[in-house]
Amino acid sequence: MKGTEIIVKALIEEGVDTLFGYPGGQAIDIFDALYDQDQIEVILPRHEQALIHAADGYARSTGKVGVCLVTSGPGATNLVTGIATANYDSVPLVCITGQVPLGLMGNDAFQEVDIVGITNSICKYAVTVRTREELPKILKEAFYIARTGRPGPVVVDIPKDIQQAMGSEEYPTEVSIRGYKPNDSVHVGQIKKACTLLKRAKKPLFLLGGGVNIAGANEVMLKLAEYTQIPVITTIMGKGSIPTTHDLYLGNIGIHGSYAANHAVSECDVLFSIGTRFNDRITGKISEFAKHAKIIHIDADSASISKNIVVDIPIVADAKLAIEKLLEYVSPSKAEKWLEQVTEWKKANPINMDKYEGLTPEKVIRYINENIKHPIVATDVGQNQLWTTQYLELESNHQFLTSGGLGTMGYGFPAAIGAQIGNPDKTVIAISGDGGMQMNIQEFATAVALELPLILIVFNNGYLGNVRQWQELFFNKRYSSTCLTYRKSCQKDCMNRDKCCPKYIPDFVKLAESYEAYGIRITKEEEIAKAFAYAQEHKNAPTLIECVIEREANVFPMVPTGKTLDDMIMDC
Amino acid sequence: MEIKKRCISLYVENRIGVLAKISGLLSGKSYNLDTLTVGETEDPTVSRMTIGMTMDDVTFEQVIKQLNRCVVVIKVIDFTEVPIHKKELLYIKVSSCSEKDKAEVFRLAKVFSLDIIDYDRNHIIVQCVKTEDANNDMIALFNKTFINRVEVVRGGSVAIEAVSTQER
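Protein chains in written order, with the working numbering: chain L, 1 to 572; chain P, 1 to 168.
Accuracy of the hints is not assured; some may be wrong.
As the list claims (entries may be wrong) - With a cut-off of at most 35 Å between alpha-carbon atoms, the simulated DSBU-like pairs for lysine-lysine come out as follows:
hint : chain 1 : residue 1 : chain 2 : residue 2
1    : P       : K102      : P       : K87
2    : L       : K291      : L       : K563
3    : P       : K29       : L       : K563
4    : L       : K181      : L       : K140
5    : P       : K29       : L       : K140
6    : L       : K363      : L       : K510
7    : L       : K137      : L       : K307
8    : L       : K181      : P       : K65
9    : P       : K65       : L       : K294
10   : L       : K137      : L       : K181
11   : L       : K285      : P       : K4
12   : P       : K5        : L       : K285
13   : P       : K86       : P       : K102
14   : L       : K285      : P       : K65
15   : P       : K65       : L       : K223
16   : L       : K9        : L       : K64
17   : L       : K181      : P       : K87
18   : L       : K181      : P       : K29
19   : L       : K488      : L       : K477
20   : P       : K75       : L       : K307
21   : L       : K307      : P       : K4
22   : L       : K291      : P       : K29
Said to hold, decoys possible - Now the stretches of chain L that chain P is said to cover, found in silico as 3 or more residues with beta-carbon under 8 Å:
hint : stretch
23   : 119-132
24   : 177-191
25   : 290-304
Claimed, not checked - Distance windows between CB atoms, simulated:
hint : chain 1 : residue 1 : chain 2 : residue 2 : range
26   : P       : H85       : L       : Q37       : 53 to 63 Å
27   : P       : G155      : L       : P172      : 37 to 47 Å
28   : L       : G562      : P       : T35       : 35 to 45 Å
Note that these hints are calculated values from the structure, not bench results. Bear in mind the structure is a predicted one, so any value in this text is a computation, not a measurement. By construction, the Cβ of each residue, glycine as well, lies at the ideal position given by its N, Cα and C atoms.
For reference, chain L alone in the conformation it holds in the complex (with noise of 0.2 Å):
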């Protein structure tokens, strides 16, 4: 059997039914063999990046594993980006690329790079296959690395003589790899203790991350925090461990977090978090994070135990394992007082955007959550990502796409692409600036092509508004690079914004028109629901809706870069 047709046979073996792949010279023969074989659909987008993102949003909204395949060089190189988006978010992928022949390696071949030299310190695990013989091996090895453990982008490097090369048509059925043993137990002794200090304590938190939503352990925590009543809080890769409706949530905590939720982390006395990196966008000025409280961690990966916030509690496991093994030794909080307290924090302090008249997007994502059932959203980075996290409502895992740790701009439009085809029946939604929705805009064909009925949210402001936000707030309002109306005959620190701004380029609805997608745009609040209507009127193709919001809004709560967490500028 030939390499390549042991690969497309590793792939259907591993239950692969969606392949996301650009040809090229060295990637040839893979397609090829994909030619004939009707169980696997091969998506073509149009970039490599925004392939990777699709593949990526596949992943996240499926829980299956993301498979890319790619050529050599800049095939692989246009991967990059995407690679260390999902490594961040720990997002199970197997990238495939192309290589030149072994014998061609290290000359500087045409459309050779070192991809798993680039790739190493972005990515779980990267190997370039040197025989034959070890390449069913090394595909099984690297399906099985990407999705246990802290799932995560496994890069499989093919030189092309190797997808020719004769050989064996075994594939194994198991896999033993002496460097890779994930943790499969808990550790009762910890969750004993854990539980001990819960039960002490005056004002119990829970912290989730997204290894809760990783886990699938959504329905456990729900049952965990209502058994125990104790209110919780998460991280943006969190939300939706528990329903964002529920009475026990009290929102996301972090730089943009809610009133209560950050409060809430600054006075518990027990931290139980579960799944979270403590990365610095919510662990505010370190050394005051959760300052009174003794920190329990259960996390599948030990080396994010302890790494920013040091614990008094580490447990290694899986966060559904644990879970389940603390509602066996778990008992009821009494914090009654303390659930009032947060309650009423939370209470009295919404988030909003009142103080911006007309369209707004907590208006939107409002829409959203009222009247499209269980819908998939995905956003893109920056102000349209921040006010996503904060308005938008979820119940479960696998609903909500977003480049938290690495905040990939332009990941948003190609990642829903992904997701609406891992899940044809659902309302896929992409949230994006007008910013990064340029950054992957040639993927409107990949959309139209597959006659996608996404919708495309656009908040345009006209400018880079996240940044533009620091620069009004830390900047002295020098908005340096940020305006995306400006040309040429602008005066360079124009201080009459609003008033003679060149037209904003491109005109989205036309854009969207001359993919035979559909454009609509919207100014008022009254036309949000006309939007949608007409939105979900076209089911053939991606229908994008501009909507020109207030230019200078902001996204508050805030808390400025080295402050505590309950030092936060409010606004609103």
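Position chain P relative to chain L; hints supplied.
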């Protein structure tokens, strides 16, 4: 937090790119290495690295965790507090040697148990297998004795767990 010298022994897959992976992992996280040696073991599919570094407890714990999560790392052993044998190979070449200089080198070799492994009319090469600290002393001594005529190359330490001895 105490900053001190650490030593770890690392079993890794003996494959192309593994050394780059390990050194890249450590440099990417801004961990500074003092020494790193690597060589094949009794099992040709496995290489063993000896890594020396100077850092505090928290950073060191993170290093160990990062190495452990690496797929190509088979086993990490912390040698910091266990009895080990640890030596470093050092070559010193002295040039422009007079007869008097040669006699001095032979004398040094005798006193400090060094091996003279090669010489010609003008040169002499000394081999020294000692601890890093002892080798530092030897280099200082030769530098002082044969000013600007010394060429030094050293290999980085290798370490193995002791069997009967307790001395570190």
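Hint-by-hint comparison with the structure:
1. Proposed proximity of P:K102 and P:K87 is supported: the alpha carbons are some 26 Å apart, at most 35 Å.
2. A threshold of 35 Å between alpha carbons decides the hint, and for L:K291 with L:K563 the separation of about 14 Å falls inside it, so the pair holds.
3. This hinted pair checks out: P:K29 and L:K563 have alpha carbons roughly 25 Å apart, not beyond 35 Å.
4. Only pairs whose Cα atoms come within 35 Å are accepted, and L:K181 paired with L:K140 is accepted, the gap being roughly 15 Å.
5. Pair hint P:K29 plus L:K140 holds up; C-alpha atoms about 30 Å apart against a cutoff of 35 Å.
6. Of the pairs offered as hints, the one joining L:K363 and L:K510 holds, with about 25 Å between alpha carbons and a cut-off of 35 Å not exceeded.
7. Proximity of L:K137 to L:K307 is assessed by CA-CA distance (about 33 Å); at most 35 Å being required, the pair is judged to hold.
8. With a C-alpha separation of about 14 Å, the suggested pairing of L:K181 with P:K65 holds against the 35 Å cut-off.
9. Straight-line distance between C-alpha atoms of P:K65 and L:K294 comes to about 22 Å, which keeps the hinted pair within the 35 Å bound.
10. Using a Cα cut-off of 35 Å, the hinted pair L:K137 and L:K181 holds, with the two alpha carbons roughly 16 Å apart.
11. About 28 Å separates the Cα atoms of L:K285 and P:K4, which keeps this hinted pair within 35 Å; it holds.
12. Taking the CA atoms of P:K5 and L:K285, the gap is near 30 Å; set against the 35 Å cutoff, the hint holds.
13. At most 35 Å may separate the alpha-carbon atoms for a hinted pair to count; P:K86 and P:K102 meet this at roughly 30 Å.
14. For the proposed pair L:K285 and P:K65, the alpha carbon gap of about 25 Å is at most 35 Å, so the pair holds.
15. With a C-alpha separation of about 32 Å, the suggested pairing of P:K65 with L:K223 holds against the 35 Å cut-off.
16. Between L:K9 and L:K64 the alpha-carbon distance is near 18 Å, which keeps this suggested pair within the 35 Å criterion.
17. For the given pair, L:K181 sits about 33 Å from P:K87 by alpha-carbon distance, which is consistent with the 35 Å threshold.
18. About 23 Å separates the Cα atoms of L:K181 and P:K29, which keeps this hinted pair within 35 Å; it holds.
19. Taking the CA atoms of L:K488 and L:K477, the gap is about 20 Å. The hint holds against a cut of 35 Å.
20. The suggested pairing of P:K75 with L:K307 holds, with an alpha-carbon distance near 21 Å, which does not exceed 35 Å.
21. With a C-alpha separation of about 19 Å, the suggested pair L:K307 and P:K4 falls inside the 35 Å cut-off, and the hint holds.
22. Distance check on the hinted pair: L:K291 and P:K29 sit about 27 Å apart at the alpha-carbon level, within 35 Å; holds.
23. Given as covered by chain P, the stretch 119-132 of chain L passes the check, having 6 residues with a CB less than 8 Å from a CB of that chain where 3 are the minimum.
24. For a cut-off of 8 Å, the count of residues in the stretch 177-191 of chain L with a CB near a CB of chain P stands at 4, and the three-residue condition holds.
25. Coverage of the stretch 290-304 of chain L by chain P holds. Counting CB-CB distances below 8 Å, 3 residues qualify, and the rule asks for three or more.
26. Checked against the hint of 53 to 63 Å, the C-beta distance between P:H85 and L:Q37 comes to roughly 58 Å, which is consistent with it.
27. As the Cβ distance of P:G155 to L:P172 is approximately 40 Å, the hint placing it in 37 to 47 Å holds.
28. Separation of L:G562 from P:T35 is about 37 Å and conforms to the stated range, judged on CB atoms against 35 to 45 Å.
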